[in-house]
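S.K.: Sequence:
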Amino acid sequence: MKEFDLISIGGGSGGIATANRAAMHGARVAVVEGNLLGGTCVNIGCVPKKIMWYGAQIAEAIHAYGPDYGFTAENVTFDFATLKKNREAYIDRSRNSYNGTFERNNVTVIKGYARFVDAHTIEVNGEEYRAKHIVIATGAKPAIPNVEGKELGGTSDDVFAWDELPQSVAILGAGYIAVELAGVLHALGVKTDLFVRRDRPLRNFDHSIIEVLVAEMEKLGPTL
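Residue numbers for the sequence shown follow this note's numbering, so the first one is 1168 and each next one is one higher.
This list has only true hints and no planted wrong ones.
Derived EDC-like pairs (lysine to aspartate or glutamate); straight-line CA-CA distance at most 20 Å:
hint: 1; residue 1: Lys-1317; residue 2: Asp-1360
hint: 2; residue 1: Lys-1358; residue 2: Glu-1347
hint: 3; residue 1: Lys-1386; residue 2: Glu-1227
Ranges of calculated distance between the beta carbons of each label pair, as one might list FRET restraints:
hint: 4; residue 1: Asp-1324; residue 2: Arg-1282; range: 22 to 32 Å
hint: 5; residue 1: Gly-1279; residue 2: Val-1357; range: 32 to 42 Å
hint: 6; residue 1: Thr-1390; residue 2: Gly-1293; range: 47 to 57 Å
hint: 7; residue 1: Glu-1378; residue 2: Thr-1239; range: 30 to 40 Å
hint: 8; residue 1: Glu-1170; residue 2: Thr-1244; range: 56 to 66 Å
Hints listed in this document are in silico derivations from the structure and should not be mistaken for laboratory results.
Here the structure is a predicted model, which is why all the values come from computation and not from measurement.
Glycine included, each C-beta is placed from N, C-alpha and C at the ideal position.
Based on the provided sequences and hints, a complete structural model is requested.
M.R.: Okay, here's the thing in structure tokens:
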């Protein structure tokens, strides 16, 4: 049985930071990851979304504001495949940087899914590992409401698997993820409708921010 001072179950943002910090203090550390290093943020969250946001910002500058500065945009084309290819290349570089940091800090990466044998022992792929400290950093996943037709829709995770953009999309939700994706897709040319349960999106944010957001949506889209 292999023994460590600390094992992190999960190789996302929390698990990576915990593992590296412990290793920098001299601990023998392992990270268990069943999918891709980087977790939600790097692979299907913040990072790909922000890259698409930058693309959307360029599109908005060209089409919405360019004419005011003398630019014409009638012949401008957009190739989503190019954006996706470069987005995935950036994500690959991010994952490689994590592997490089782990190597420098002597952090062991164990591929697979862990289950507890006891308070200080886990089993991965039939092999047991023991540590004084075991950190659960398994992240979260979208909560899909149990409504009729739910299998016909997707989640924010699925957006980053698209090989091409749809002509139209309906986004259900009023939080920052829904609002940001709605704005990005609309700016990239997708007819986008944002459905909220109550009177406005981001209702837990400062009221003055929401007023500006709603005014911009009414002027530029997406449809609220």
